[in-house]
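A.B. asks: Given two chains presented individually in distinct reference frames, assemble the corresponding complex, making use of the accompanying hints.
So the chains spell out like this:
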Amino acid sequence: MISSKRKLDAVNKNNDILNSGVDLFVNEPPDEEDVSDQDEDSSSSDDDNVNDDGDSDSSQYSGLEEEVASSSLDDSSDEEEQGSDSDDDDDDGEDLMLSDSVDNIAIGTNAKEPAVVDEYEQDSSDEEDIRNTVGNIPMEWYKNYKHIGYDIEGRKLIKPEHGDNLDDFLNKADDPNYWRTVHNRLTGQNIVLSEEDVQLVQNLLGKTHPTQSTEEQYAPWVDWFSSEVMIHPLSNRPEHKRSFIPSKWEKLKVGQMVHALKMGWMKPSKTQEEQEKEEEEQDDKFYMIWNEDEETEISKRYRQHIPAPKTSLPGHAESYNPPPEYLFTKEEEQKWRDQEPEQRRMNFMPQKFSNLRTVPGYSNFIRERFERCLDLYLCPRQRKTRMNVDPEDLIPRLPKPKDLQPFPTTQSLVYLGHTDMVRCISVDPSGQWLVSGSDDCSVRVWEVSTGRCMKTLTVKEKVKGIAWNPNPAVCLLAIVWEKTVVLLNPGVGDKLQLSNTDNMLASQTQAESSADSKVAVSWSVCEGSEHDQGYRLKLTHAHDVSQFTWHSKGDYFATVMPDGQTRSVLIHQLSRRRSQNPFSKSKGSVQCVRFHPLRPFLFVATQRYVRVYNLLKQELSKKLQANCKWVSSMAVHAEGDNVILGSYDSKMSWFDLDLSTKPYQTMKHHKKAIRQVCYHKKYPLFASASDDCSLIVCHGRVYNDMLQNPLIVPVKVLRGHKAEKGVGILDCVFHPSQPWIFSAGADTTIRLYT
Amino acid sequence: MGRATKKGQSGAATAFVHRTKAIKKLQISLKDFRRLCILKGIYPVEPRHRKKAGHGNQAPRTYYMMKDIQFLLHEPLIDKFREFKHFMKRLTRAYGRKNLSAVSRIRKNRPKYKLDHIVKERYPTFIDAVRDLDDCLSMIFLFAIFPSTKITDTRFVQLCRRLSVEFLHYVIASKSLRKVFISIKGIYYQADLFGQQVNWIVPHSTGFAHPTDVDYRVMKTFVEFYTTLLGFVNYKCYHSINLHYPPQLLLDSSEEKVQEDPKVGKRSRKRKNAQLEKIQKEREKRFVERDTVEERLSALTQTLQKTNTGEPEEDIQIDEFPASETDDPELVELAKQERDKLSKFQNLFKGLKFFLNREVPRETLVFIIRSFGGEVSWHESQAVGYSYPETDEKITHQIVDRPSMEKQYLSRYYVQPQWVFDSVNAQMLLPPADYFIGVTLPPHLSPFVTEQEGDYVPPEKQALLNRQRGIDSGIDEDSESEEVDDDEEEDGEGHQSDDSSEEEDEEGEEESDDDEAPATKKQKTGSKGANKQKDVANTSAMSVEEGRVEVDDPGRRQTRQEAEERRLAEMMIPKKKRRLYNKIMHSKKKTSQEARILKEKREAIDMQKKKDKKQKLT
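As they're listed, the protein sequences go chains L and C.
Under UniProt numbering, the letters of the first sequence match residues 1 to 754, in that order.
Under UniProt numbering, the letters of the second sequence match residues 1 to 618, in that order.
Hints listed in this document are in silico derivations from the structure and should not be mistaken for laboratory results.
Cβ coordinates follow ideal geometry from the N, Cα and C atoms, glycine included.
Be aware that a few hints might be false.
What the hints assert, rightly or not - Cut-off 25 Å, straight-line C-alpha distance, at most; resulting in silico cross-link-like pairs (DSS-like, lysine-lysine):
#1 K681(L) <-> K662(L)
#2 K98(C) <-> K253(L)
#3 K461(C) <-> K590(C)
#4 K98(C) <-> K248(L)
#5 K384(L) <-> K461(C)
#6 K335(L) <-> K590(C)
#7 K52(C) <-> K80(C)
#8 K576(C) <-> K277(L)
#9 K21(C) <-> K52(C)
#10 K384(L) <-> K400(L)
#11 K267(L) <-> K277(L)
#12 K330(L) <-> K51(C)
#13 K285(L) <-> K112(C)
#14 K352(L) <-> K611(C)
#15 K583(C) <-> K672(L)
#16 K277(L) <-> K112(C)
#17 K31(C) <-> K67(C)
#18 K24(C) <-> K80(C)
#19 K89(C) <-> K120(C)
#20 K285(L) <-> K306(C)
#21 K52(C) <-> K300(L)
#22 K285(L) <-> K394(C)
#23 K609(C) <-> K330(L)
#24 K576(C) <-> K400(L)
#25 K589(C) <-> K599(C)
Unchecked claim - Cβ-Cβ distance ranges computed for the label pairs, FRET-style:
#26 W630(L) <-> G11(C): 40 to 50 Å
#27 K576(C) <-> C379(L): 23 to 33 Å
#28 K394(C) <-> R344(L): 43 to 53 Å
Same shape as in the complex, but just chain C (with noise of 0.2 Å):
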């Protein structure tokens, strides 16, 4: 026989720890046990008896797992923290005494600490990285436009727009951009990396207030981090294609080395001479250098150099064919056209020529047109990175945010940018006619809802997969016309039946209890029209009505009779499943709810236009 087993030494009561005594444990102070949580991904847990793992107290408090933070305390950082803070100390008591120069001293002393075994740590494998993008992207993204301040450095928000600026290119260099969606809190963009799909926000261009009551410090760490991270993913990525990483230019690399001779013999004439003096101008050159390759890369015009020049990628691709065989033909067929489809939806904007008007926001443009394939080029004193003049006749689409142009170019379209995002989501170029200078443009569709059954599809949605479906079997925006055309004999049908549908009204009050179908109703109506005017001559007089006949609708009284079997069925659930299957069914009412809600004021919102359009024309 084993020793009974004591109260509160195993199970949920060992397996987790609360914060206070996690802190106690690891013998640092709060603000320093937090950035530890957040550079080390510890998060706290939900345990699932609190009382048990509060050893009977109920209290609401923090757990932590306990073997996270037995992980916590073998961490390098700790100890980095230990001196940071007695830096600190250092610099302030320096300070205290006014002793600028040990200020100084004691500055240039800054403990330094990576995050690389973290990164390793976290992500074991580089998809699991990938996985986890999301958030590192938006911050980044988000950081990169940040102003330099007290908490976030000029090199540090450098750093921010220097990774995300490669990023882009990658994204450019590997054509896996796949959705983009503008909505009021900033745009959308959906990525396909290495089959996973990375979905990251970048906030408009235009300036917004910063609020006060947002604790920076918390957000800069995990920026902190996250630069790490996107560090390292951009260097494998890069590798991955076959790109240098720190990107280099493909127009740049030859300019430089022509650059760079001369400037070695200079420098071994001169070595004897002015060795400080030449460096520090070497520097400042670099610096300069550095500023405009920066610029260059941030335009993203330019494409990268590849570190293999010779292989080109089509054999690999080639290859794959027969790897990928399997047993059944007709699979194979389907991946092939998937393929096909695919290599066609990243190359949308091949051979389309660009031209980006200066109110557009170029950044966001360049980067979508680019990543399928098209040219873009903006006016020369924009911005750094333009490759044509707005005079270039070969230019087929010049995007124009503004309400009218004063000198236009036959040869090109002028479109608004949302036909850049519209014909991105819908994977094929759509007719520039909609979104022309100064027209009004058609809704913009979030890309990422996929509508399930019995969710509110609204009817432009169901527009733009009619004329997806419709390229797809080979008919050609037929079903737009076809639209057009219901909708005029709508509005027909509509004069002749504003007549009766006065009567209909008046004679639903009477017979709005009993629940009938539409189509019993519409037969009712030519009999009750007849009927009409006797009733209004017999009203007072006691009089007998001419029954009815009932029609017996076998359909409907099967469905009826289901639900009410339904119901009946129901009312059995026993208890124990009641409940979540009340709260299914309440879901399910209220997303139908939803959906009809929309639907309603969708289809009075219609109704409204018809009208205005009729009395226009009238």
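Here chain L stands alone, though its shape is the one from the complex (with noise of 0.2 Å):
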């Protein structure tokens, strides 16, 4: 038997042929007798070659095939025309290649052979026998050359004779072969077949079975190279020589896996029941570790560990089913969407399900321990100890204002009749006349039990200060506007004091009234019509005059100019009708100036710090530090070792002058400016009024024993005044004997608190 693969090759050659034969046959006859009236255009080739032809070699047909399997059939016909072109002189080259085609193989006898080939020869070739070594290329490259090629050792392949057409004619017409002779392109030769090729040729064009015997058709199939390992090998070949000697590569690569072995660089695989040991072990891997009669041992480190802070527990809100009061409403769910993440309050909305099963998973839930996990590994730990502290225990413990009393607790009148803001207010020192200056450019004298208006006097411009002469033998006012200061008998009260009074003023008129030419003061006495009216003396200062003062006798007094530069500070004596400029120096713009009410002293408050003249040996004595930023106020004890500053940034500073120069004690209780601060002159009392409607009424006692400490506590809030364009209250003024508080504010009312 003959391998498959010989036969599978033959019917691929049958194939070819059929391929390349397809034009040759169209018009072949049925019957060998016909063939000379009709096959005309073909060549015949020579009688000799049919018998040779019969046992025609595979070369030849090798040839065929590498023409076919380059060309399409397309080309076929062009070829045909070469053929024909070329097949006059055939007859030489004959010779030559049948010398070459020793294979006794041929197709024809296929079938018919006997095993006994020689397997070695067939299969050392798997490449075709190939004559002609031009390859794959235009035949009619070589149609102007003798030789069609050149064969393996490189000698031409000389054309094979054709005849002319004259020839082919005539052969066309003798040769009974003739429609069966093909011209091979390749070698040039002409190849007549055999009858069984032909038959073949016939079957494949009636598509039938080449051979047609159903023996070979349905032969059982051999299916040699299937996964099964069959004892014997395909071939005999014998083994190659490189399979008996052990490789060196392997060699090499076992010797490195030994020393990696050895090394302990790569362990063994391991063996299935150690695996599963393994995993058995995996499974129970635990065991007790936390043995009872075990002694722990706490380390250092332990104790200094600082556990993670427990997640909050989750409350009604949280619940599937909360109570209806915990679902956001429509603006808190807008609130609750429109804040970020992190600034929500809850990181979830309540929602209400009807019943469990409608109940979704919770999208978040994954990111939420994500993040827990990183806030356990990740957020900085700090140990800190929480105040459990009662708010009780942080208020001071203070006497109850009760125990404090007296001092005044209810609004009890209101003066009313200025139409605009009330700046300034004043109590006679017996506490029966209030006055009030206004900028309504009036000034109002009341009575104060009643709250009766007793008299009004209009002035020119509004009213800056007003001040009784503390004086209780005269009956005196000082009011300041603009850059005069006016003094006033107002006419009211006892008239015995009152004609005291004139008579006082004019028998001091006899004195020097050299005004001093630094001063730039001038004193003049009024009048005429303006006498009538009360006014007695005229003061008038070269700046605007804020402030007024007297000192606690009544002889002198002080004014304050804040443009005044070096002479912003003035003091004057009634009795001499003299001013005097005290400093020489400005030290920043003055606020505010106080008389000590017993010593020689001044009290000049800038801005930030009160300094404390002696006026007597005319020198610095004190410098106190306001611990503010701009002071509004100022007011002396009646004893003169206590200052209260009031400021713009609501502090009330409170000043021991025996202690310090700086605040025993600061008071931010007021919310908005301090416009004015006073001290009551019998009682252990002060008070701060403020932008915010306030009065605030303290309770201060400074003990003569030095070990306690002196004691401030408020004792009362008074309110009842309205803000006018951000002012509230502007002044207030204890009453002189009585507790009393009065206070005048932006809304044109006087009120008075007992």
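C.D. replies: Here it is as structure tokens:
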């Protein structure tokens, strides 16, 4: 038997012939007799060749095969023409060709050949026996040459002799084999197909099995190249020598592995048992790690450990079915949505589900767990002692205000009449009269006890300041507007006292009137209609006067001119009608001045400091630090030991002059700027009036015993005024003898609290 | 005289080290450092003085304790990490060369590490571990339902599942469940383990999206440690109540033994023939067995086998009574009462038989019911481990979460699952009528909230508290009926007062400024009503209104005075303490404000409801 491969080859070849021969046999006659009539086109080969071709060699076919493989069917007609052209001289090369072909296998005899073939010869060459080595090129390139190509040794292959067209024509007529003669283009030879070949071709054309024998058609299929391992090899070829020599590379590889195993770099792979064992171990890898009898050593590190705070537990709002009040309203929902996720108080929106089966999975579940994980290992921890403080403990223990009475508690009278904000008020030393100056350019004198307006004086400008002379023996009033200070006898009260005042002023007139040229204040006595109104003396300053203050004796008084530079503070003496400038140098814009009630000291408040000057020695004795940005007002206690400062940054500082130049206590009770502070003459009370419309009365007591701390207690917050244009209470003053307080506000009223 | 200490050589400057420096010192990558920190429980700290700790640098850096970092230096895990790095290098190289045999060989030798020593180190005593169990449990319960991905492989997820089931079994066996709560996030549980309150949350069994912007590796590292921790905790817990640790089911043991014996015989016979094949089969069998056992375990219905079956536990308890005897007999009595109450609570569902419909979350309910001594079953097609069919006549409660049921047994209550939760939280069996099929459920309240003074207490909670108290003092549920009566009375009043209320409103505008107590207001209303007509008559002309008598209420005056005194005293709080005081007061105010808002909302809702009711009636 021949090998299957061989057989397949044969079939292939037949197919190829078929392909190339399609055109050739189109006109083929069924009978040989008709050949001469019909096959006129095709050229004939020699008679000698016919017999030889009967056992024609594979080489010729191989040439055919090559050609067919390269050229498509379309070309075949061209080839035919070529073939007919070159047919003229084809006899010469025949011998040569035949001498080369020694193959004893012919197509026609394929089936009949016994299987005594030398396999090695066949198998040794996979490629076909190629006579012509020119390769797959158009053969017309050799048209003009004698040779048609080169054989394997490089010798020229001479074109076989072809007869001319006449020969061809004659052949057609004479040669009975003409119809089955095929021209091999590559070698230029004519080949006469054998009977079998023709039959085969015809079978194929008829679309039947090439051999048409049923035995071969249905031969059992031998699956040579199957997955099954056969006992015997397919071929008898002996094993190669290579396979008997141990591999050098394998040896190297094994050597490396052995070395790696020895050194521990590589570990032998585990057996199945070992793996199982490991799996089992993994399954029950837990054991008693905390033995009770074992003494646990608690390391220092462990004691320093700060445990992570636990997550807070859910409230009612997180329930799947919360009480209805926990659900968001539309506004709340909108607010929740608008907020950044970090700012939200709850990281979820409360929802209500009517039953458990409708509750969906929480989409943020994993993220929340993840964030917790991040917190656990990325968040810096710090030990913080939670202040479990009762807020009651923070409130200082103070005596009850009830025990510190008397102090003003209720609003008892409102003095109505002014039409613009009341800037300043003052109470006469007897406590019977109240005088007020307002922005409506009027000064009104009120009876304290009834609230009646006793007298109204109209002045030229807004009244900046007003003050009763503290001397109880005289009835004198100082009024300030613009650059003028007027001393006035209001004409209320005791007649005797009034006349005394006039007399005193009259008696003083004879004193020197030579004004100090440097001070530039002109004193003038009022006469005529002004005198009738009560004006007695008029002091005209160089600049606007902002504040006026009497000395407690009533003879001296001081005025403040903020624009006056070095002459911003002037001290005037009433009895001698003299003014003097105590300072040669300005130390900042002066806000307020006060006299020490008993000793010859002058308190000058600039924006941040209070300077205390000794007027006798003409020196600076103290400089108090106010601890605030802008002092607004100042008051000195009747004893002269304590000073309070009010400031525009709503702070009030209480100074004890004996202790320190820094405030003993700074109080920030008000919410807005403090406008005025005042001391009571007799009671240990002081008050502060502010723009937030509150008047805070404090009890401030200093003990003679130096060991006991001074006691400062706010006792009452008085309200009643209304703010106007951001201004609340402008002035406040205590009644000289009673625990009453007057306040003047921007709402044009004056109120009395008792 | 000692040498003057240099700056930056002691104190905060040396006690803290920032992260970059720490990593440099440990010579590991940032990734490994993070893993190490997670496993070892090292956390950054906030130095008291940033400037000192940073040698003058106040940049916002994370600081670690120097001691912690030095402690990490000796950690054997670091070596393991290095080994792993080397392993990865080899593996990737083999991959790059497409040397698949090498890949498989290298992969088999994947370095492994254990975290046992870290557990012991982080939690020197068992109580420490229990105290820190909250996050551990939540994470493991979450991972138990994870899909197997590249990061969370099947084995890992199965381990989590196994551990979580084991833990649930322990809680059931020890009857230590205390509180349960269904929130929109998941189901919260609180158990009392060894005197520590352990809370954990389990997500709802419905699926939810897995976010992509979450680093699952970090979570996995956490869970890696947590599985080790929970395994050891489980072991200890099981042994503390004499259970086998790899849990063994009570019913299973006998069957297994029967099965075991022929297997042994077979083995000896076949040994000669085909050992390999047999081992293979045996393994398969074991796997199957293991799977079924695990399934049964996770059904949670069967009790576990005890190591010693002889001694009943009651003896121990009796022994304890004299031991706890103290001087004060009252205290002893109180303690006894407390104990009785607890044991009663622990056996809340004892004697009750439950049947779960398929739409209710099975595991949760089985866990809760079994923790309180109830029996539970479900339809056999649903899962392994059911114990009795739906037709059982002894079933007392069937838990249903559907609008209606076609076939109902008269002998049992059909309740919604919330009944179980609410009963547990109330520590008593609530009347099932509120929870029947298709009924609008009463609100589900959080058991974790203990209302402080001034906090808002929802009326339902108040009712519950009253009910609990009522039982304590022997009054049964009268309070509820009383409430109903009250409501009705209020309704009646509402009818009467509806007309008069409008009048009041009008007058209220006039005197809106002065803040007087409602008591005084009521007194006035009578006289005002009379005056009103007169007022209307002479509004145009100038008139003198009748003077009102100002009622002097001494109590009110007193409170007002006190308030004022307080305000004055507040002014005198020194600046140092004022901040703190303001903070406290601010928070107080806020809570009270919230409470007020909730109260107002509730009142409005109730009013609305009443109105709706009335409209329906008319």
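A.B. asks: A separate judgement is required for each hint: does it hold in the structure or not?
C.D. replies: Evaluation of the provided hints:
no.: 1; hint: K681(L) <-> K662(L); in the structure: 24 Å, holds
no.: 2; hint: K98(C) <-> K253(L); in the structure: 17 Å, holds
no.: 3; hint: K461(C) <-> K590(C); in the structure: 22 Å, holds
no.: 4; hint: K98(C) <-> K248(L); in the structure: 23 Å, holds
no.: 5; hint: K384(L) <-> K461(C); in the structure: 34 Å, violated
no.: 6; hint: K335(L) <-> K590(C); in the structure: 17 Å, holds
no.: 7; hint: K52(C) <-> K80(C); in the structure: 35 Å, violated
no.: 8; hint: K576(C) <-> K277(L); in the structure: 69 Å, violated
no.: 9; hint: K21(C) <-> K52(C); in the structure: 16 Å, holds
no.: 10; hint: K384(L) <-> K400(L); in the structure: 36 Å, violated
no.: 11; hint: K267(L) <-> K277(L); in the structure: 17 Å, holds
no.: 12; hint: K330(L) <-> K51(C); in the structure: 48 Å, violated
no.: 13; hint: K285(L) <-> K112(C); in the structure: 13 Å, holds
no.: 14; hint: K352(L) <-> K611(C); in the structure: 22 Å, holds
no.: 15; hint: K583(C) <-> K672(L); in the structure: 22 Å, holds
no.: 16; hint: K277(L) <-> K112(C); in the structure: 15 Å, holds
no.: 17; hint: K31(C) <-> K67(C); in the structure: 21 Å, holds
no.: 18; hint: K24(C) <-> K80(C); in the structure: 18 Å, holds
no.: 19; hint: K89(C) <-> K120(C); in the structure: 32 Å, violated
no.: 20; hint: K285(L) <-> K306(C); in the structure: 20 Å, holds
no.: 21; hint: K52(C) <-> K300(L); in the structure: 24 Å, holds
no.: 22; hint: K285(L) <-> K394(C); in the structure: 43 Å, violated
no.: 23; hint: K609(C) <-> K330(L); in the structure: 19 Å, holds
no.: 24; hint: K576(C) <-> K400(L); in the structure: 23 Å, holds
no.: 25; hint: K589(C) <-> K599(C); in the structure: 15 Å, holds
no.: 26; hint: W630(L) <-> G11(C): 40 to 50 Å; in the structure: 43 Å, holds
no.: 27; hint: K576(C) <-> C379(L): 23 to 33 Å; in the structure: 30 Å, holds
no.: 28; hint: K394(C) <-> R344(L): 43 to 53 Å; in the structure: 50 Å, holds
When the structure is compared with the earlier hints, violations turn up for hints 5, 7, 8, 10, 12, 19 and 22 and for no others.
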